[in-house]
Amino acid sequence: MRYFIVLVLVLFTVTANAQDWEDRKVFANAPTVQKLRILSSTDTSFFEPIIDSYLNDNPDTEIEYLVTGTAAIDDIFRTTPKDFDIVVSSAMDLQLKLVNDGYATRVDGADHPSWAKWRQSLFAFTLEPAAIVINKAAFAGLKVPKTRQELIQILRAQPEQFRGKLGTYDVRQSGLGYLFATQDARASETYWRLMEVMGSLGTRLYCCSGDMIDDLERGDILVAYNVLGSYADARAQNGEKIEVILPSDFPTTMMRTALVSKSAPNADAAKNFILHLIRSQSGDQGDGANLLPPVVLNPGQQTITLEPALMTYLDKLKRQTFVKEWERAIIQ
Amino acid sequence: MTDGLRISSSLQKRMMVTLIAGAAILAIILFFIVRGYAAKIAQDGQDNILGASVSSILDAAVIRDGTVEVDFPYASFSMLDTDLDDRVFYAIYQDGELISGYENLPQLSQVRGTQSVFQTLQFEDNQVRIASATRTLIGARDRTEVSVSIAQTQDALSRTLNRISRNVAAFGAGFFALVALLSYWATATTIKPLMRLASSVEKRGPQDLSPFQKEVPAEMVPLVSSLNTLMGRLDQSLTQSEDFIAEAAHRVRTPLATVRSYAEATLQRVSKKENRAALRSMVRAIDESSRAASQLLDHAMITFRADHLQKERIDLVDLVQELAVRLAPIAEMKDVEFNLQNDPSVEIHGDLILIQNAIRNLIDNALKYSPNEAAINIAIRSSPRPYVEICDQGPGFPPDDMANLTKRFTRGKNADGTIGSGLGLTIAKDVATAHDGALELSNHPKGGACVILSF
Amino acid sequence: MKYLLVEDNQELANAICSRMKLDGHVIDHADKIQDAIAYAETGEYDLVLLDIMLPDGDGRSFLKHQRDQEKDTPIIVLTARSQVSDRISILDLGADDYVTKPFDHAELQARCRAVLRRKAGATQPVLQFGDVAFNQLAGQLTVKGEVINLRNRELRLFELLLNARGQIFSKQKLVDRLFSYDEDVSENAVEVYIGRLRKHLEDTSLNITTHRGLGYRLDND
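Residue numbers (this note's numbering), protein chains in the order written: chain A, 1 to 332; chain B, 1001 to 1455; chain C, 2001 to 2221.
Worth flagging that the hints you see were computed from the coordinates, not collected in a lab.
Keep in mind that the hints are not guaranteed to be accurate.
What the hints assert, rightly or not - PhoX-like mimics (lysine-lysine), calculated; alpha carbons at most 20 Å apart, straight line:
1. Lys1311/B / Lys1203/B
2. Lys1368/B / Lys1446/B
3. Lys82/A / Lys35/A
4. Lys2171/C / Lys1272/B
5. Lys2119/C / Lys2064/C
6. Lys82/A / Lys262/A
7. Lys2173/C / Lys1273/B
8. Lys241/A / Lys165/A
9. Lys1334/B / Lys2171/C
10. Lys1273/B / Lys2171/C
11. Lys1214/B / Lys1192/B
12. Lys2173/C / Lys1334/B
13. Lys2064/C / Lys2144/C
14. Lys2032/C / Lys2064/C
15. Lys35/A / Lys262/A
16. Lys1272/B / Lys2173/C
Turn these sequences into a full structure, and let the hints guide you.
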């Protein structure tokens, strides 16, 4: 599978910019003298305000913003690290391994808490919980679940109502989904029971939070597990069809991270951008322009730690074992 | 006093240099030992964690359905987290074939059992510490070897080491400074008895050749005892030479006295003019040689004592009065009178023997040049400075020659026919100089020589 | 006066003795300390002349012996050592005075006289010649109740003439005895002192006569 993707990517890069990006946008206040290429898993709309404010301060810079999935980012970047200046991803484990494997360069001068950075090379700039998102209409008359355990009980109690109407990440495709899954599994056995229940009811697997939320709004599915809270919040405010639940038994909170490529064509500008990114996400500014939650830890709140242990589930054997078990649970 | 001594660097300096150099070497050795020890402890700490991590992975290895599964715990890597976010590399091999992890991580050759083997090596431009262990898994059909290597960069370790080095360096510098201070104190204390001995030698009077009785440190006993021996020998040889001089003087002067007495007696029996003249010259020659010898000895004694004045309180009035009594018989022979005019008491601080000698010489001179039945006026006053003035009624000093009179062996031009060696004024002048005083010569307007010895 | 001379040099001792006798004194001679102590114990001496270096010891031990015995016979030391420190140590041991060898006999006599005078105090022997009383130590003549203090040379001249009454002294001999050898005086200098003595002795039983070409003579009528 992976080899196939690599092969495909190689073919794609050979045929120039014909890469199959989820989104690609060039920001520039003409004329420009330098260019930054940002490889990102964050939807353009969420990242745009940060780029705009950077370009205001640095009008001579052009930014090409390329969006794709977290797993794809890892593959593309490992293959052609010289093509990109900055990598932004929500898959903390993959990002950390990139740094560990020497793909990133140090960025000095960042005033950032130590839990939010690793080796002065990987910088967290958001704090985003994984959420259970439900279709409000489907739960009319039902108790809204506050924990995974309550969700399991509801699903077991009303199996017919939810059969085929559940959704979660396909951990084989989504790096973020795999991260959420492994961290859940690490935290509690409840995860596996939930997966078994969901698997027995038939669960749709998604590559991305966006697709899941789309289907949820449409009513194709009624419950989405481990959706990115920030994306869901954005939709919940607009549509009022869905409700975002942060499970209170154990929260899984992810940090979006950014790094500067060691072989960045425009390393100085890239470092400047990172500093700008950290500043604008530090939570001090509070201008409300930013759509992404700032990297501020509330008392008692915990996140997935930036530590070498993140590489545990990236281990080939561990991944095989985990995926096998996951498949056994969810695909029945 | 140090003229002619060959001086090598001071003992105190030498001791201090030795001690401080020793302290510096000690501090440096201490620095390396403590740092080495700390480095070993720090390295052991890292090794322990790496070893634990390796064991936890090996423990997770199982054969399931004929394939090796290594479902190692999250903690295996979690425990490797460091302050400086050290990079971690790992590799899992089955029978030497990589089954997971970093493929280019060097495989250690000497790995035998589950006990980890450690090595420091270069990996991807970083110095890493690698731990490696192996375990045999026995499956249903066959047995297989699983080995695990975990490598970690040493950023945190080297920061710890740097911090330890800095602390140890500061500690070493502090130790050094303390020792330097202590060695200054110790050398000063050690050298003190030596200084005390030196100053007590210096303070001694010229005649004091007695042995040192004070307590001295054991190390100085050889020095002090040889000093005592030397002084004993010096004392003995001085006594011997004094005895010798006394004996010589006796042997020479007694026959001279005999000759003089005979000459005197003979003079009274001969009447021929030439014979009488010859006898008189003979007596004169004897007197002159005797007086010259005395004055030479006195002068030598004064020169010696001038360097080591034994000062005491002296009342010049008492001193002059006693001298006058002592010299009265000689004055009477010429019917010369001493007229003393003095303040009740004129005290000075000086060497009694020297001052007595000087004044005696001055009065002797006055007596010699006085005519018969004349007076010698002696004034002793305390202001403006304490002084003794001696005026005779003789011919006075030759006015054109006064400056030279106090020079050694110079006699006034008019002194022919008077017995003397010419040392009298020199002696007085030397004594005055030794006491920061002055000797002034003048002639009285009504005739006669005046000498003022002031202090 | 009766003197004791302690001196090991025979020649010098002879010279001193003959000279003392010439001056009219009685003198005994000892040439070692042992003898000197024996002499001092048997005879009453007016004065001791003591040499320091003696064959059987240091003269200072005699000095010390005498003082320990509480004998206050005046002692004049004859020393060959001229150094101040020696002189002081001699005086400290109880000597009354000292003369350094070689010495002028006149000086020795002067010192003897001075010492005797100090020691004698008020009870001084007085010689009587008719209407003239003579206190030798004080150098005083008492003529018809009138006290005359003789000057030193007058006194010495008077003593000389008195000790050898009826004997003629030439001018030359008198000069030799009265003046020291470094004084260049003519024989006529004696006439001054003869003249003064004659004036003191006017109208007394003592009479100095001039013998032309020969000298002077003191007669006691």
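Pair hint lysine 82/A and lysine 262/A, alpha-carbon separation not exceeding 20 Å: Roughly 8 Å between the alpha carbons, so the hint for lysine 82/A and lysine 262/A holds.
20 Å Cα cutoff - pair lysine 1368/B, lysine 1446/B: OK: lysine 1368/B and lysine 1446/B at ~19 Å, within 20 Å.
Given the hint that lysine 2173/C pairs with lysine 1334/B, does the C-alpha gap stay at or below 20 Å? 18 Å, holds
Mind checking the alpha carbons of lysine 1334/B and lysine 2171/C for me, to see if they're no more than 20 Å apart? At roughly 18 Å apart (the allowed maximum being 20 Å), lysine 2171/C and lysine 1334/B satisfy the hint.
Are the Cα atoms of lysine 2032/C and lysine 2064/C separated by 20 Å or less? 15 Å, holds
For a C-alpha distance cap of 20 Å, please report whether lysine 2173/C and lysine 1273/B respect it. Judged against 20 Å, a Cα distance of about 13 Å means the pair holds.
Taking only the CA atoms, is the gap from lysine 82/A to lysine 35/A under or equal to 20 Å? Holds, at about 13 Å.
Pairwise hint evaluation, lysine 1203/B against lysine 1311/B, where the allowed Cα distance is 20 Å at most: Roughly 13 Å between the alpha carbons, so the hint for lysine 1311/B and lysine 1203/B holds.
Does lysine 2173/C sit within 20 Å of lysine 1272/B, going by the straight-line distance between their CA atoms? Distance ~12 Å between lysine 1272/B and lysine 2173/C Cα, so the pair holds.
Next pair to validate is lysine 2119/C with lysine 2064/C; report whether the Cα-Cα distance is within 20 Å. Distance ~18 Å between lysine 2119/C and lysine 2064/C Cα, so the pair holds.
20 Å limit on alpha-carbon distance, applied to hinted pair lysine 2171/C and lysine 1272/B: 14 Å, holds
Taking only the CA atoms, is the gap from lysine 241/A to lysine 165/A under or equal to 20 Å? 16 Å, holds
Violated hint for the displayed structure: number 13, the only one.
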